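Protein chains in written order, with this note's numbering: chain A, 2 to 485; chain B, 73 to 522.
Calculated from the structure, these hints are not laboratory results.
Every value quoted in this text rests on a predicted model; they were computed, and no experiment measured them.
Mixed in with the good hints, there may be bad ones.
Chain A residues, not near chain B, derived (Cβ > 12 Å throughout) [stated by the list, open to error]: (1) M130; (2) D191; (3) Q202; (4) Q230; (5) K309; (6) E310; (7) L357; (8) E449.
If you want a taste of the chain A side facing chain B, the calculated C-beta under 10 Å gives, among others [stated by the list, open to error]: (9) V43; (10) V49; (11) A354; (12) E443; (13) A458.
Using N, Cα and C, we set each Cβ at its ideal position, and we do this for glycine too.
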Amino acid sequence: MLIFEHSRPGRRNYSQSPATSAKTKNIPQNLLRKTPPLLPEVSEMDTVRHYTRLSQLNFSIDTEFYPLGSCTMKYNPRACNSLAMLPQFLARHPLAPEDTGQGYLACMYDLQEILKDVTGMAGVSLTPMAGAQGELIGVMMIRAYHESRGDKERTEIIVPDAAHGTNPATAVMCGFKVVEIATDKEGNVDMAALKAAVGPQTAGLMLTNPSTLGVFEKNVSEMSRIVHQAGGLLYYDGANLNALLGKVKPGDMGFDVIHINLHKTFSTPHGGGGPGSAPVGVAERLLPFMPVPIVGYEKGKYRWITEKEKPQSIGRLSAHMGNAGVLLRAYIYVRLLGTDGMHRVAEFATLNANYLMAALREAGFELAYPTRRASHEFIVTLKAIKEKTGVTAMNLAKRLLDKGYHAPTTYFPTLVPECLLIEPAETESKETLDAFVSAMKEILAEIEAQPDMVKGAPHLMPLRKLDDVKAARELDLVWKPQPK
Amino acid sequence: MPFIPHTEEDVATMLSRIGAKTIEELFDEIPIDLKCGRLEKVPPGLSEMEITRLMMERAEKDGIYHNFIGAGAYEHHIPAAVWQIATRGEFYSSYTPYQAEASQGTLQLLYEYQTMMASLTGMDISNASMYDGASALAEAALMAVRSHKTSRRILIPKTVHPVYRRVVRAIVSNQHIDLVELPYCEQSGQTLPESLEEYGKEDFAALVIPQPNFFGVLEQVDALTDWAHAKNALAIGVVNPIALAMLTPPGEWGSKGADIAVGEGQPLGIPLSSGGPYFGFMACKKLLVRQIPGRIIGRTIDLDNKPGFVLTLQAREQHIRRSKATSNICTNQGLMVTAATIFMSLLGPEGLRRIAAHSHANTLALVEQLETLTGVKRVFSGPLFHEAAVTLPVPTQDVLQTMKQQKILAGLDLQEHYPEIGNALLVCATETKTSTDIQNYTQQLKQALS
Numbered sequence: 002m003l004i005f006e007h008s009r010p011g012r013r014n015y016s017q018s019p020a021t022s023a024k025t026k027n028i029p030q031n032l033l034r035k036t037p038p039l040l041p042e043v044s045e046m047d048t049v050r051h052y053t054r055l056s057q058l059n060f061s062i063d064t065e066f067y068p069l070g071s072c073t074m075k076y077n078p079r080a081c082n083s084l085a086m087l088p089q090f091l092a093r094h095p096l097a098p099e100d101t102g103q104g105y106l107a108c109m110y111d112l113q114e115i116l117k118d119v120t121g122m123a124g125v126s127l128t129p130m131a132g133a134q135g136e137l138i139g140v141m142m143i144r145a146y147h148e149s150r151g152d153k154e155r156t157e158i159i160v161p162d163a164a165h166g167t168n169p170a171t172a173v174m175c176g177f178k179v180v181e182i183a184t185d186k187e188g189n190v191d192m193a194a195l196k197a198a199v200g201p202q203t204a205g206l207m208l209t210n211p212s213t214l215g216v217f218e219k220n221v222s223e224m225s226r227i228v229h230q231a232g233g234l235l236y237y238d239g240a241n242l243n244a245l246l247g248k249v250k251p252g253d254m255g256f257d258v259i260h261i262n263l264h265k266t267f268s269t270p271h272g273g274g275g276p277g278s279a280p281v282g283v284a285e286r287l288l289p290f291m292p293v294p295i296v297g298y299e300k301g302k303y304r305w306i307t308e309k310e311k312p313q314s315i316g317r318l319s320a321h322m323g324n325a326g327v328l329l330r331a332y333i334y335v336r337l338l339g340t341d342g343m344h345r346v347a348e349f350a351t352l353n354a355n356y357l358m359a360a361l362r363e364a365g366f367e368l369a370y371p372t373r374r375a376s377h378e379f380i381v382t383l384k385a386i387k388e389k390t391g392v393t394a395m396n397l398a399k400r401l402l403d404k405g406y407h408a409p410t411t412y413f414p415t416l417v418p419e420c421l422l423i424e425p426a427e428t429e430s431k432e433t434l435d436a437f438v439s440a441m442k443e444i445l446a447e448i449e450a451q452p453d454m455v456k457g458a459p460h461l462m463p464l465r466k467l468d469d470v471k472a473a474r475e476l477d478l479v480w481k482p483q484p485k
Numbered sequence: 073m074p075f076i077p078h079t080e081e082d083v084a085t086m087l088s089r090i091g092a093k094t095i096e097e098l099f100d101e102i103p104i105d106l107k108c109g110r111l112e113k114v115p116p117g118l119s120e121m122e123i124t125r126l127m128m129e130r131a132e133k134d135g136i137y138h139n140f141i142g143a144g145a146y147e148h149h150i151p152a153a154v155w156q157i158a159t160r161g162e163f164y165s166s167y168t169p170y171q172a173e174a175s176q177g178t179l180q181l182l183y184e185y186q187t188m189m190a191s192l193t194g195m196d197i198s199n200a201s202m203y204d205g206a207s208a209l210a211e212a213a214l215m216a217v218r219s220h221k222t223s224r225r226i227l228i229p230k231t232v233h234p235v236y237r238r239v240v241r242a243i244v245s246n247q248h249i250d251l252v253e254l255p256y257c258e259q260s261g262q263t264l265p266e267s268l269e270e271y272g273k274e275d276f277a278a279l280v281i282p283q284p285n286f287f288g289v290l291e292q293v294d295a296l297t298d299w300a301h302a303k304n305a306l307a308i309g310v311v312n313p314i315a316l317a318m319l320t321p322p323g324e325w326g327s328k329g330a331d332i333a334v335g336e337g338q339p340l341g342i343p344l345s346s347g348g349p350y351f352g353f354m355a356c357k358k359l360l361v362r363q364i365p366g367r368i369i370g371r372t373i374d375l376d377n378k379p380g381f382v383l384t385l386q387a388r389e390q391h392i393r394r395s396k397a398t399s400n401i402c403t404n405q406g407l408m409v410t411a412a413t414i415f416m417s418l419l420g421p422e423g424l425r426r427i428a429a430h431s432h433a434n435t436l437a438l439v440e441q442l443e444t445l446t447g448v449k450r451v452f453s454g455p456l457f458h459e460a461a462v463t464l465p466v467p468t469q470d471v472l473q474t475m476k477q478q479k480i481l482a483g484l485d486l487q488e489h490y491p492e493i494g495n496a497l498l499v500c501a502t503e504t505k506t507s508t509d510i511q512n513y514t515q516q517l518k519q520a521l522s
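Turn these sequences into a full structure, and let the hints guide you.
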């Protein structure tokens, strides 16, 4: 039932709005609304009950194991939320003077410094509001760098075919032509293809490492040399930084500009699809182009560094300084982890992934890259199973829901047929991984014995399989009251 | 280690099953020269008790002020239920609802949100939200250019939030889109339709119309919308969602209604929180549905014909279309929209209208009182919503400093963005201010000026 269907004309929550109705003054009639908006008229209890019940229809990290590849669904510590919601932090207006925000700015400055250290970059700006915006800003800086040198012929961005869809979409949004290069059998970028693709037209290369195939790009130093020699810059998509946190710094791999998904590696909540937060880090030569504002520290005071001091900045991409409250949560997380904790993240994420990979292989699942180590994630392919039984990766994913596990990422990366991209994250215990393996084994047996049952999954969720085609063909995007 | 549950025994068992001796061995594909040493700038870990103490000290430093700054971020009362429910783990720690059957809570909520926003803006459809108001406006400009096909010019009045204009410029300039700024009337503070003719001689893809505008002044939206349509361009409304409970929605502007409505969703239950996370909303006419960026939820049925919800029209999006997507956007501001939807349900149409009307009345009352002080007067004569520009007889920064010592943030100095206005302050008094607060403000300003 929708909230609108609980609505009754005239029902109100008297404690939630002013007791009297103020009059409007001097507003011309044509500017005043004639009919009230279709908002529900429900009691506070109805609202609380309705949305509490809706929440219970969701899978979440707090309720289920969520091995969603490339999304790093690790535990979101509760302290990060409650401390970011201290009343002074919540009440602070973004345009309030700097001296009324020294506590907040201190956290932001510290976070910048910590992220510089962790990534090996010369500068960090915290403004981007999501991974895709971090990418956009990164590519804009690459463009600004070339333009500042009068190097105007660099019109292409190279992207491996295994990349996230946001990489090519970002390059295009930034006015570049996208050149896709292939992946070799071992899951590395095809070096011959890269050599053939670079030239005086190359603005840069966007790379995720470990790649979305769940393996470390072994030739990264060589790739860096090739791209730099051609005059291009190297962009690091930080989507998989959790695999390297405290082990390898992107700056040491030769990257000139990077973004870090705080909602993955630094455990800020995914919130049902946002808000994200994706600070960008840059090498020395890109410092002048960083987006503003940045937090500076001088003579015992924290302050904003704006376009006035950074005239070559690519500018602002949010009205204030990005997702400030998310940045606070990330800061609290890194302080809880500390040096030792930070060094352990990649280690245990990698241990969990390799353990799960070994156990699933023993259970009879086919690995996409059986000769490689897993990074923090790995790929299982159901190609042979589909050929034999008709059961697809999506069918298995839906059956996992029945067994109380969120499905891994399916059909991404697109170059592995019938794939499941599995990322357990470091916060899961061995028992959880073992139980997941048991569930996967059960499904394998079910595929043998009753494939049609698996194809019809899910069976035990609040709803059975939903009709996506109908949704797209007969668009129903807003509710309309039934005529009486 | 924090948040890592492994016992020593677990590690040993796991390594032996993998066939490795040490955890370090699992990194043997990484060239040794790439491995980093000890992190130097990361301080030692704190316990939850210690970090609590540190954060409370820092929060204390920031303090609490009587805030009269608006300028795109507005203080409103947020009912307790809003964030208590929004931070339930099932909303807080879930991901994008790609697995529809395991995400009906988020999906249904987003469908309800889309319905509320479409109705509030008077539009046919809404997406599931954008990053913030500024980036939503940039996306609307890109959308207008995609749908216009011949022109790459966008007309944007100087009465649009100055930072929004900067953000739009930063984003659209990548695609060689020309942003033309329109002047405002010095008396009324409005963008006058009759002053636009010279800008309309050349083709343009869209006219941006703020309501209320950055000065808090209400624009002549009907005439502006009709003017844009007469020139074969789209009309993009940039609106305040609280104001929409009281003001004519963009979908009803002029004879045909605006085509796209965007804005900052923060006033709908999102704390000021130093500027984020907020969310941007975007709604449009049905004709533009395939051009709208971002996530959209649709209602459908399951195998048993039971109604349910899914992400739909994904063929527009980057994970399917890659370089041909409508935008590179990958997320919405899910948790913020969760809060906003609960907020709108608790307030309902009448509650929201009362907040709008009280904010309007409070600001008018404040301005009226301020005008009794010598040398203080309203800058613009146009009708106001809940914000106003006032000129001061002395430098604005001096006044702000003095008022701050009395724990009052008196408003935004207009000097940086509108130096032509002189010593001026943009002030806002929402429903959160009492008549005592307003009297106190006036009293303190009087002293600051004397």
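So, going through the hints one by one against the coordinates:
In this structure M130 (chain A) is not separated from chain B by more than 12 Å, as the shortest Cβ-Cβ distance comes to only about 4 Å. The beta carbon of D191 (chain A) is kept farther than 12 Å from every beta carbon of chain B, the shortest such distance being approximately 18 Å. For Q202 (chain A), the requirement that its beta carbon stay farther than 12 Å from each beta carbon of chain B is met, with the minimum near 17 Å. Residue placement check: Q230 (chain A) keeps its beta carbon more than 12 Å from all beta carbons of chain B (closest about 19 Å).
With a closest Cβ-Cβ approach of about 9 Å to chain B, K309 (chain A) is found to fall inside the 12 Å limit, against its non-interface label. In this structure E310 (chain A) is separated from chain B by more than 12 Å, as the shortest Cβ-Cβ distance comes to about 14 Å. Look at L357 (chain A): its CB is around 9 Å from the nearest CB on chain B, not clear of 12 Å, so calling it non-interface is violated. Against chain B, the non-interface label of E449 (chain A) holds: every CB pair exceeds 12 Å, the least being about 23 Å.
For V43 (chain A), the suggested interface contact is upheld, since its CB lies about 6 Å from the closest CB of chain B, less than 10 Å. A distance limit of 10 Å between C-beta atoms decides the matter here; for V49 (chain A) the minimum to chain B is near 5 Å, and the interface restraint holds. Proximity of A354 (chain A) to chain B holds as hinted, the smallest CB-CB distance being about 9 Å (cut-off 10 Å). Because the closest C-beta pair between E443 (chain A) and chain B is about 18 Å apart, greater than 10 Å, the hint is violated.
Of the supplied interface hints, the one on A458 (chain A) holds, with its beta-carbon coming within about 9 Å of a beta-carbon of chain B, less than 10 Å.
The structure fails hints 1, 5, 7, 12 (numbered hints given earlier, in ascending order).
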